[in-house]
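Using the sequences and the hints given, assemble the complete structure.
As you go down the protein sequences, you meet chains X and R in turn.
Everything in the first sequence is counted per our numbering, starting at 1 for the first residue and increasing by one.
Everything in the second sequence is counted per our numbering, starting at 1 for the first residue and increasing by one.
In case anyone wonders, no lab produced these hints; they're calculated from the structure.
Hints are not guaranteed to be accurate.
One copy or two, either will do: identical chains are not told apart, so a pair holds if it fits within one copy or between any two.
[As the list claims (entries may be wrong)] Once the Cα atoms are required to be at most 25 Å apart in a straight line, the calculated DMTMM-like pairs of lysine to aspartate or glutamate come out as: (1) K68 / E402; (2) K299 / E53; (3) K365 / E383; (4) K365 / D125; (5) K374 / D86; (6) K408 / E226.
Remember, predicted model here, so these are calculated numbers, not experimental data.
Number of protein chains: 2
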Amino acid sequence: MGKTTRRNAIVGQSGGPTAVINQSLVGVIEAASEFDQIDRLFGARYGVRGIIEENFIELNGLDAGLLKRIADTPCSALGSTRDKPDEEYCRKIFNAFAKNDVRYFFYIGGNDSADTARIVSEMADEAGYELRVFHIPKTIDNDLRVTDHCPGYGSAARFVAHAVMGDGLDNASLPGIKIDVIMGRHAGWLTAASMLARHDETDAPHLIYVPEAPISEGQFVDDIAEVYGRLGRCLVVVSEGIVDENGKGWNEQLLRMTHGAEVERDGHGNIQLSGSGMLGDCIANFARAEVSARFSEKKLRVRADTFGYLQRSFPDSVSPVDRTEAHLAGRKAVEYAAAGQPSGSVAFRRTGNGNDYGIECFRAKLQDVARNIKPLPPEYINEAGNGIAEQFRTYVAPLVGELPIIGKL
Amino acid sequence: MGKTTRRNAIVGQSGGPTAVINQSLVGVIEAASEFDQIDRLFGARYGVRGIIEENFIELNGLDAGLLKRIADTPCSALGSTRDKPDEEYCRKIFNAFAKNDVRYFFYIGGNDSADTARIVSEMADEAGYELRVFHIPKTIDNDLRVTDHCPGYGSAARFVAHAVMGDGLDNASLPGIKIDVIMGRHAGWLTAASMLARHDETDAPHLIYVPEAPISEGQFVDDIAEVYGRLGRCLVVVSEGIVDENGKGWNEQLLRMTHGAEVERDGHGNIQLSGSGMLGDCIANFARAEVSARFSEKKLRVRADTFGYLQRSFPDSVSPVDRTEAHLAGRKAVEYAAAGQPSGSVAFRRTGNGNDYGIECFRAKLQDVARNIKPLPPEYINEAGNGIAEQFRTYVAPLVGELPIIGKL
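Right, here's the structure in full:
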């Protein structure tokens, strides 16, 4: 048997952190040390930015205890970036690879990261430079195509389910109308996970709105008034990407009314939703005015909480399955690389549910994962468009792990 | 030995819920079943309101499994109230007691509840009606006098410490300025607990502001600019009760600037802070404008999260010590009652710290606990007034339980 050619590798983390993104990183680090094909493993600080700036940490020979601690620590140990590389940026990445004899690139991130991986991989092909690029899925939004679900989602879903359960009990203790705003600008997967908090008709959440089910302001008020009239309280879970019957984001209308020009927008002109309580406050003010008018209560108790960054970083409510699978996804990427497989994205196929829950991994094509997202399918949304169908529980429950059973008098 | 006279008892829950308030309730229920002195035990729905409306649940003979589940469920299983009884209201309470031959009243709540207990107890004395009233401490604010600490605080502090740890890692992944707003209008105990997230100079939180340490807007900006200049990021933990150098609430000034008349106020004219992200958003906008001006960064990344009701209701991050002590506080109230002790409030005395941590219970006088609060003492605040002194760790750590050790590259 001939001596294996040893080549250098780079790993990076991109986009919003998750509670388990370091599991994937450590999966890569551990597996890389086991395969002869990989010589030096560089960690790029702050994602692709660290590559073009050649800001690397050498990841070989790290202590096993330290690696274990890093794996169990939420958020990106290497640092992350919001940079979305264009062709020119990707060329700089590719040049840095060539300069450092990097032949394997492992990139942990969402669909934008998969697209970066795709472009860099294509550039290498065109240049005749041998490079294997592996995308390792990561997103609390769970909106990557091909894979059954995404590492990072289960833990965020666990946080949301517990938070809505607790907040629903709070709302039952001191009744009123409560709005909880959940992350997910384009897809309702994370918002939908709040349904796990509910075990009977009176449990929160009473209403769930996802971007995939447009809702008019009038219907929204009707729905809340119906629940409030029946139970004397109402907990509403709203995705930050909630849209009206014309597909227009609620945030645009509500925020323009109350905040005018001072709203922060990102490079694409989208309103900055995360890291702000504005949308929740606007919805609460709107609901207070409109629902009060239907009841003779002058001071309707309406509150809003925006779960914010806690959803993706809270260290004390991590899903055991998510932890294991995120680690596995990192390992698999290295295994595919070492086995000489073509560039691709690690994906999960579900092999069973309930007590038989399990997954197997496979390699998806980068172009099938890049750019476009996977919305919550219609069969998971109830007919009224204001709740989540019971069958979603089968999908999401194993990813989240056990939830407490509510005790009631 | 003569036959013990068996009398009826009422238990109620009041004010903002906590993650362990039902532990105290179940402590009362269990102990009441063990002592001959107590015949029927009524649970008042929605606190004192349930007493004057005679809206009771009979709590005798409940299944042990159900009681265990209720104890482990956050928030008030009986329902809570924000009613602050005046003398007339207390008379109605007293009349309901007399009508139902209630001779023991157990009230789980904060300093307002202790005051209600005091007034009702005094009315009974004046009327020559034999009544023992026991206040069982409960508040995430930890601001009750006499007792070393309050049931409910440890779990809320655990949530805050984990949340700030996770959010600090998030802030290190995608650097910028982050503001986290913590509950506690008058006392900084809960905000101070965020210091547990910090293990070295670079860890979050970098700045902590409590109501006990007034801070001018100028100093606030200076502090953030100093940290941001040094680390390229800054996580700031702010109590919702933050005040300026004249003792005036920041919320008053900032919110008036941006929201004018539309701010919701409570019965005392105070701005409604909980269940809204306004204060955090205002501070973030202010910090963005002021700190940007000091650096040549046009688009400084500034975000705010308001932890909201999750701090008091999250089911997946409960402090084991808090759970045990809340249960004990409920039991002790019944023991004091059964032993014929005078009306009072259950209080904790700390007997040791670290590995020797322990408490013993004693009965405090209602008038010593009622109404006034206990602020965070000056020795727990750093000299600059922008952080928490290291010695606070000794006080708070045992109440919160173990925190993860951050793994860093």
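Within a copy, between copies, both or neither: which one fits K68 and E402 at a CA-CA cutoff of 25 Å? both (24 Å within a copy, 17 Å between copies)
Checking K365 and D125: alpha-carbon separation at most 25 Å within a copy, between copies, both or neither? within (15 Å within a copy, 80 Å between copies)
One pair to classify: K374 and D86, alpha carbons no more than 25 Å apart. Within, between, both, or neither? Cα proximity of K374 and D86: one copy only (23 Å, versus 57 Å across).
For K365 vs E383, is the C-alpha pair at or below 25 Å within one copy, between two copies, both, or neither? neither (34 Å within a copy, 58 Å between copies)
Indicate which option fits the pair K299, E53 if close means a Cα-Cα distance not exceeding 25 Å: within, between, both or neither. between (57 Å within a copy, 21 Å between copies)
Measure nothing new, just compare the shortest in-copy and cross-copy C-alpha distances for K408 and E226 to 25 Å and report within, between, both or neither. So K408 and E226 pass the 25 Å test inside one copy only (24 Å; across, 50 Å).
Of the numbered hints given earlier, the model fails hint 3 alone.
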